[in-house]
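Colleague: These are the residues of each chain, in order.
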Amino acid sequence: MTMNLTLHVWRQKDVTVPGKIVHYEAKDVNEHMSFLEMLDVVNEELINKGDEPIAFEHDCREGICGSCGFMINGVAHGGHKNTTVCQLHMRHFKDGDEIWIEPWRAAAFPVIKDLVVDRSSFDRIIASGGYVSVSTGSAQDANSLPIRKLDSDLAMDAAACIGCGACVASCPNAAAALFTGAKISHLGHLPQGKPEEMERALSMVRTMNEEGFGNCTNIGECEATCPKGIPLEVIARMNRDFIKASLQERPPVAIAGAG
Amino acid sequence: MKLDARTPSGPIENRWDKTRFDMKLVNPANKRKYNVIVVGSGLAGGAGAATLAELGYNVKCFCFQDSPRRAHSIAAQGGINAAKNYQNDGDSVFRLFYDTVKGGDFRARESNVYRLAQVSVNIIDQCVAQGVPFAREYGGLLANRSFGGAQVSRTFYARGQTGQQLLLGAYQALERQVQAGRVKMYSRTEMLDLIVIDGRARGIVTRNLVTGAIDVHMADAVILGTGGYGNVFYLSTNAKGSNATAIWRAYRRGAAFGNPCYTQIHPTCIPVSGEYQSKLTLMSESLRNDGRIWVPKKQNDHRSPDSIPEDERDYYLERMYPSFGNLCPRDIASRAAKRVCDEGRGVGPGGLGVYLDFSDAINRLGIQTIAERYGNLFEIYERITGEDPYKVPMRIYPAVHYTMGGLWVDYHLQSTIPGLFVLGEANFSDHGANRLGASALMQGLSDGYFVIPYTLGHYLGSNKFEKVDENHPEAQAVLKQTQDLTKKFLSINGNRTVTSFHRELGKIMWEYCGMARNAQGLEIAIGKIRELREEFWQNLKVSGEPNELNQNLENAGRVADFLELGELMCMDALERNESCGGHFREEYQTPDGEAQRDDEHFRHAAVWEYQGPNAKPIRHVEPLEFEYVQLAQRSYK
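Taken in order, these protein sequences are the chains called C and E.
In terms of this note's numbering, the first sequence opens at residue 1 and continues consecutively.
In terms of this note's numbering, the second sequence opens at residue 1 and continues consecutively.
What the hints contain is simulated information worked out from the structure, not anything from laboratory work.
Just so you know, not all the hints are guaranteed correct.
Here are the simulated lysine-lysine pairs, DSSO-like style, with alpha carbons at most 27 Å apart [as the list claims (entries may be wrong)]:
| no. | chain 1 | residue 1 | chain 2 | residue 2 |
| --- | --- | --- | --- | --- |
| 1 | E | K637 | C | K49 |
| 2 | E | K184 | E | K507 |
| 3 | C | K49 | E | K184 |
| 4 | C | K94 | C | K13 |
| 5 | C | K13 | E | K487 |
| 6 | E | K31 | C | K49 |
| 7 | C | K49 | E | K467 |
| 8 | C | K81 | E | K541 |
| 9 | E | K488 | E | K31 |
| 10 | C | K27 | E | K541 |
| 11 | E | K464 | C | K27 |
| 12 | E | K541 | C | K13 |
Computed from a prediction, not measured in an experiment: that's the story for all the values here.
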């Protein structure tokens, strides 16, 4: 089955010039295409006509790399449960549909071009503490520390985050609490993450704030649109760790010693 | 060109230890004086960059994606092998080594593979320490599963997202070093050429994909962890951005290419649905643990699968390979699928598909258990096809997945250009002619965490380095060539898009250099590729400007390289007059249709040396010695 669609796409040359919505007709769209394949076909036509293709981010096209993502009719990734844009197929649309396509919108995600935004703020949040400080070679045998299956499963649930940014784009405050909370929860559920739990919470939350993300007001749009089903409870854990760590925070002790 | 594999001598179990002891060390205080470039941020490049920075080297790491966390290692689903023998089922370092050499159809270097098996155990330890949430049993210990080509359970996994979790572990280690100031990360930056000065790799030329700026970066050594070249086929399970540009341009600068024709076709992918198809999606091989593969016994049987009675089904893998059954290695499973489809027994549109059926497993184990094991894979399948695999058997078909070939490296992972090291899928080293499932993650992390940190130190410690900067005439010359090439793409102004060339190249490769190859077809392919390449340079249409984000321009460069690499793959396939692993030459098969090796004439790696544009490259050989594994015809019957 094929369909004809009208696309309204945000076009913006770069961050210095204002963007605008441009209309395109997508003809004979096959229902088995993915949304990105539909855009591929539109782009091929644009190039053939001598126009600039629509820039959008994508890579693995199987929902795991986290590169793709934009708003479809106002909803991040198009609003199908646990589905990134690259896995959204056209069978969910019908002939004659009008589709509005816009980039993630957040102060901490400046537009680079069209639907491509700069999400490097996420990298800086991770760099500020989203890891276990274990250098290569210093690990003990993997089975020397049993971990309760439930804890391991909860860690995995949180670790499934792909860093796409849908949570930020969906949030009226453009908060990155679900993203940050997911990493804090992933590592916090594991014994390996315990020694740095408090420092991690302080550092990551502060970086998140410095990067210009908004505050979480428990609206829940992030959880609703997260393509990996990251639960809101990761934010509760982040807040708990942050408060606890804030109360315990002490200025670093100067180390004096012989030798 | 003289190939010295620097393979150590002595008992195989002591070789890596001995090599490490014999290597030069770099004093901790001196490490920060060395500048190292790492291209690629996946399991190999990311792990390497992080570890080298931990040791104290000054590292610059480059990736074309917007973040190092997006490298294509992230998409690996099934698992990672390690010879832990936690299951007490007879595994050992030697068995993993043996299985890998045999699985590779005796076309890999024994010493390298043995080292891989040895360090596999350290990888699991390291990853668990980083917080990688591997699957666990109720007792809290790590779970394992079995995988194709092995009769022991040695595969560690994190649901169906093992690659993601391992990559995030490496990425987090890398970001820790970024924060510490020891790694400078260059995201959205693509390597476009290699700078070789006085015979040694001393830098790279890159393009900033946002501003279009073309820059020179100098260093004391260059490490490529840039992945495989499966996208030469256009349709593959690789990410859309995965490309061969870094290794190909290094090849043009003198790094020899090993076994370019060794391609892995993965048996369990979702079949192609139409012309617009942009990539193929893998369904993890782990599904073969519980899924049974079958086709109807009759040709052109269009009944729905549930109305085909049991005795009219052909569970062909179980029939042909009773001892391994559905878990036979990838090359064998793929060819068997092609064979039954060629016989007219394929299912689904166009008859290019076979069933992967879970109904027996669901009856035996219950839906809950199946959902726990494969839930996310079933979801992916349903999302793409609109069919529910809990109720209807999956339809699968083989697709290009991995390239065993790559830049030739010695035991130290150094290419034929001193100072240029190549890790992971980008090199040719460990998998021979066929890679076993769950071994790619193992090799990437082995190279990155546990091999390059030693061998790079030895290289730096045993050489003197003249100070060179970006004003060096050679660096400026390469810079100028890269700028000219970029201008060239934008100035052709023809009538055909990059994608249309790429798609046509892919069809040629799949038709003539895919699952089955023959001399006549390969010659046709070489002719067609040359014609297509000629047309590319006359008739290419690239839109946009050089100094902006221009995805079309990026692709033009990558496809230009694929158009050369494809020809080399066909030449290599043509010269290898035998069948081995993923390289199946129809002229060389046993009476029952299995790959027929010719150990007398082809027990070697083919190593190609570039001779200039449109000149035939020279084929060198590295003979392979097998002291520990008995050469035999691979049998999984």
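Colleague: The structure should be examined with respect to each hint, and the outcome stated for every one.
Modeller: These are the hints, each one checked on the structure:
Between K637 (chain E) and K49 (chain C) the CA atoms are separated by roughly 56 Å; this puts the pair beyond 27 Å, and the hint is violated. Between the alpha carbons of K184 (chain E) and K507 (chain E) the distance comes to roughly 40 Å, so the proposed pair goes past 27 Å and is violated. Of the pairs offered as hints, the one joining K49 (chain C) and K184 (chain E) is violated, with about 41 Å between alpha carbons and a cut-off of 27 Å exceeded. Distance check on the hinted pair: K94 (chain C) and K13 (chain C) sit about 31 Å apart at the alpha-carbon level, beyond 27 Å; violated.
Distance check on the hinted pair: K13 (chain C) and K487 (chain E) sit about 20 Å apart at the alpha-carbon level, within 27 Å; holds. About 54 Å separates the Cα atoms of K31 (chain E) and K49 (chain C), which puts this hinted pair outside 27 Å; it is violated. Distance check on the hinted pair: K49 (chain C) and K467 (chain E) sit about 50 Å apart at the alpha-carbon level, beyond 27 Å; violated. The straight-line distance between the Cα atoms of K81 (chain C) and K541 (chain E) is roughly 39 Å, outside the 27 Å bound, and the hint therefore fails.
For the proposed pair K488 (chain E) and K31 (chain E), the alpha carbon gap of about 41 Å is over 27 Å, so the pair is violated. For the proposed pair K27 (chain C) and K541 (chain E), the alpha carbon gap of about 23 Å is at most 27 Å, so the pair holds. The hinted pair formed by K464 (chain E) and K27 (chain C) fails the criterion: a straight-line CA distance of about 63 Å is larger than 27 Å. The hinted pair formed by K541 (chain E) and K13 (chain C) meets the criterion: a straight-line CA distance of about 20 Å does not exceed 27 Å.
Hint compliance for this structure: hints 1, 2, 3, 4, 6, 7, 8, 9, 11 are not met, and every other hint is.
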